[in-house]
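Reassemble the complex: the two chains are provided individually, in unrelated frames, and hints are given to aid placement.
What follows is the residue order along each chain.
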Amino acid sequence: SQQGEEDPQALSIQEGENATMNCSYKTSINNLQWYRQNSGRGLVHLILIRSNEREKHSGRLRVTLDTSKKSSSLLITASRAADTASYFCATDASGAQKLVFGQGTRLTINP
Amino acid sequence: DVKVTQSSRYLVKRTGEKVFLECVQDMDHENMFWYRQDPGLGLRLIYFSYDVKMKEKGDIPEGYSVSREKKERFSLILESASTNQTSMYLCASSFFGQGLFFGSGTQLSVL
Numbered sequence: 001s002q003q004g005e006e007d008p009q010a011l012s013i014q015e016g017e018n019a020t021m022n023c024s025y026k027t028s029i030n031n032l033q034w035y036r037q038n039s040g041r042g043l044v045h046l047i048l049i050r051s052n053e054r055e056k057h058s059g060r061l062r063v064t065l066d067t068s069k070k071s072s073s074l075l076i077t078a079s080r081a082a083d084t085a086s087y088f089c090a091t092d093a094s095g096a097q098k099l100v101f102g103q104g105t106r107l108t109i110n111p
Numbered sequence: 001d002v003k004v005t006q007s008s009r010y011l012v013k014r015t016g017e018k019v020f021l022e023c024v025q026d027m028d029h030e031n032m033f034w035y036r037q038d039p040g041l042g043l044r045l046i047y048f049s050y051d052v053k054m055k056e057k058g059d060i061p062e063g064y065s066v067s068r069e070k071k072e073r074f075s076l077i078l079e080s081a082s083t084n085q086t087s088m089y090l091c092a093s094s095f096f097g098q099g100l101f102f103g104s105g106t107q108l109s110v111l
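Quick mapping for you: the protein sequence lines, in order, are chains A and B. In terms of our numbering, the numbers along the first sequence are unbroken and rise by one, the last being 111. In terms of our numbering, the numbers along the second sequence are unbroken and rise by one, the last being 111.
Isolated chain B (complex conformation) (with noise of 0.2 Å):
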């Protein structure tokens, strides 16, 4: 059964911390991705990934980064959390051509 795994369903953060969100998929897909999920906005791709070490912006970079150094891995960095920041945030892999596969995704609140 295909999985696409976030580290944390709920995590509480302080203003001003660095914050790690952690997605993992065991599909072996080439690309993944980050966006987050606001009442009233939708979804929003935050960055994505087609390979490891290479990562393209989305539409609302400002105030996060990421990492990829496993092809499975893809971390979402947010170096100093704002309350604007607070979010439901969904991981997802895929292959070219086919779906996104989601995680369940990491509701965080800033405080």
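Chain A with its partners taken away, still in its complex shape (with noise of 0.2 Å):
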């Protein structure tokens, strides 16, 4: 069952600029994670928010989420050409970690 959806699919921006990647979800969370995938490798996690928070921020990066929306954003500040890479939306809707992922967002960090 197909729970989170990115958007973009696809994101090439400047080194220096910000990016930002979106997560939509159809049902009730308990929590919703970020995951970054490397080309070939295993996930990475990245920062988890619980349906109670807003916001949060770990390095340069910045998650919100607006339950009311069903949605959340991930923000990454002054990218770099090591932030390529996929990023994935997952969702816990219970809390015992079944995740359900979302398709990903490519993002390409161009020199």
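Misleading hints may appear alongside valid ones.
Derived pair list, reagent style BS3-like, types lysine-lysine, alpha-carbon separation capped at 25 Å [said to hold, decoys possible]: (1) B:K3 x A:K98; (2) B:K18 x B:K57; (3) B:K53 x B:K71; (4) B:K55 x A:K98; (5) B:K3 x B:K71; (6) B:K18 x B:K70; (7) B:K55 x B:K70; (8) B:K57 x A:K98; (9) A:K56 x A:K98; (10) A:K98 x B:K70; (11) A:K26 x A:K70; (12) A:K98 x B:K71; (13) A:K98 x B:K13; (14) B:K57 x B:K71; (15) B:K55 x B:K18; (16) A:K26 x B:K3; (17) A:K98 x A:K26; (18) A:K56 x A:K70.
Part of the chain A face toward chain B, derived, beta carbon under 7 Å [what the hints assert, rightly or not]: (19) R36; (20) N38; (21) G42; (22) L43; (23) H45; (24) L48; (25) Q97; (26) Q103.
Looking from chain A toward chain B, a few residues come up when the C-beta cut is under 8 Å (computed) [unchecked claim]: (27) Q33; (28) R41; (29) I49; (30) K98; (31) F101; (32) G102; (33) G104.
Hint data in this document are derived by calculation from the structure and do not stem from the laboratory. Each residue gets a CB set at the ideal place from its N, CA and C atoms; glycine is no exception.
Listed below in structure tokens is the structure:
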């Protein structure tokens, strides 16, 4: 069952610019998580935001959650070439950690 | 440094073979998961486990089984491999309420 859907599917920006990716989901959630995947490798957990939280920061990452709109956004500030990767949102409806992943946004940072 | 280790990075098997994919974590995590990742379909949950000798079906368990005899090890078994099981297989582990730690993945080709 597809829950999270990322937008855009692909994003290409210049190094130093900010990158914003969006995620929409369909049902109520316990928490929402963002992951990064470099080509052909495993996923790396970035941030977990709970349903009662509106915003979270981690270094150059900022995640917002709007449960009324069933949407979340991931902002990467001052992008670097090393940020080139696919970014996935994943929703946990019950807290049981049965995550449902979106299709991902492919981010390319051009030097 | 936390680690989830998958036994093989690449694997080639024949149709009808029994295939074992092994996953070991060194973080004393309660929860372990098996996902498969396919282009256009994203990550889909196959099986998961909250404790030793415990297993739960995910979204696509057909054609797979799992074994968790020890807390740190979670094995995925393809009883009779088929070509539609060619995929990237990702193992993950976690504590409740936290993000998932993923292994590097096993790219399985069934010929």
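Hint by hint, here is what the structure shows:
A C-alpha spacing of about 21 Å is found between K3 (chain B) and K98 (chain A), which places the hinted pair at or below 25 Å, so the restraint holds. Only pairs whose Cα atoms come within 25 Å are accepted, and K18 (chain B) paired with K57 (chain B) is accepted, the gap being roughly 20 Å. Simply put, K53 (chain B) and K71 (chain B) have alpha-carbon atoms about 9 Å apart, close enough for the 25 Å limit, and the pair holds. Our distance criterion of 25 Å between C-alpha atoms is met by K55 (chain B) and K98 (chain A), whose separation comes to about 13 Å.
Taking the CA atoms of K3 (chain B) and K71 (chain B), the gap is about 14 Å. The hint holds against a cut of 25 Å. About 21 Å separates the Cα atoms of K18 (chain B) and K70 (chain B), which keeps this hinted pair within 25 Å; it holds. Among the hinted pairs, K55 (chain B) with K70 (chain B) is consistent with the structure: their alpha-carbon atoms are about 12 Å apart, no more than 25 Å. With a C-alpha separation of about 10 Å, the suggested pairing of K57 (chain B) with K98 (chain A) holds against the 25 Å cut-off.
Between K56 (chain A) and K98 (chain A) the CA atoms are separated by roughly 22 Å; this keeps the pair inside 25 Å, and the hint holds. Simply put, K98 (chain A) and K70 (chain B) have alpha-carbon atoms about 21 Å apart, close enough for the 25 Å limit, and the pair holds. Between K26 (chain A) and K70 (chain A) the alpha-carbon distance is near 7 Å, which keeps this suggested pair within the 25 Å criterion. In summary, the hint linking K98 (chain A) to K71 (chain B) is supported, as the alpha carbons are separated by about 19 Å, within the 25 Å threshold.
Proposed proximity of K98 (chain A) and K13 (chain B) is contradicted: the alpha carbons are some 29 Å apart, above 25 Å. At roughly 18 Å between alpha-carbon atoms, K57 (chain B) and K71 (chain B) fall within 25 Å of each other, so this suggested pair holds. Between K55 (chain B) and K18 (chain B) the alpha-carbon distance is near 20 Å, which keeps this suggested pair within the 25 Å criterion. Restraint check for K26 (chain A) and K3 (chain B): the C-alpha separation of about 33 Å exceeds 25 Å, so the hint is violated.
The suggested pairing of K98 (chain A) with K26 (chain A) holds, with an alpha-carbon distance near 15 Å, which does not exceed 25 Å. Distance restraint check for K56 (chain A) and K70 (chain A): the Cα-Cα separation of roughly 16 Å lies within the 25 Å cut-off, and the hinted pair is therefore satisfied. A cut of 7 Å between beta carbons decides the hint on R36 (chain A): the least distance to chain B is about 10 Å, and the hint is violated. Here the hint on N38 (chain A) is broken, as its CB sits about 10 Å from the closest CB of chain B, past 7 Å.
The beta carbon of G42 (chain A) is positioned within 7 Å of a beta carbon in chain B (closest approach about 4 Å), and the interface hint is therefore held. For L43 (chain A), the interface hint holds, the least distance from its beta-carbon to any beta-carbon of chain B being 4 Å, beneath 7 Å. The interface hint given for H45 (chain A) is met, as the beta carbon of that residue sits about 3 Å from the closest beta carbon of chain B, less than 7 Å. Given the 7 Å rule on beta carbons, the hint for L48 (chain A) holds: about 5 Å separates it from the nearest Cβ of chain B.
Taking 7 Å as the C-beta cut-off, the interface hint given for Q97 (chain A) holds, the closest approach to chain B being about 6 Å. Hint on Q103 (chain A) holds. Least Cβ distance to chain B is approximately 5 Å, under the 7 Å limit. Look at Q33 (chain A): its Cβ gets to within about 6 Å of chain B, closer than 8 Å, so that hint holds up. With a least beta-carbon distance of about 6 Å to chain B, the hint placing R41 (chain A) at the interface is held under the 8 Å criterion.
Among the interface hints, the one on I49 (chain A) is violated; its C-beta lies about 11 Å from the nearest C-beta in chain B, farther than the 8 Å criterion. The interface hint given for K98 (chain A) is met, as the beta carbon of that residue sits about 6 Å from the closest beta carbon of chain B, less than 8 Å. The beta carbon of F101 (chain A) is positioned within 8 Å of a beta carbon in chain B (closest approach about 4 Å), and the interface hint is therefore held. Contact between G102 (chain A) and chain B, as hinted, is supported at the beta carbon level, the nearest pair being about 7 Å apart and thus within 8 Å.
Interface restraint check for G104 (chain A): the shortest CB-CB distance to chain B comes to about 7 Å, inside 8 Å, so the restraint holds.
The structure shown violates the earlier hints numbered 13, 16, 19, 20 and 29.
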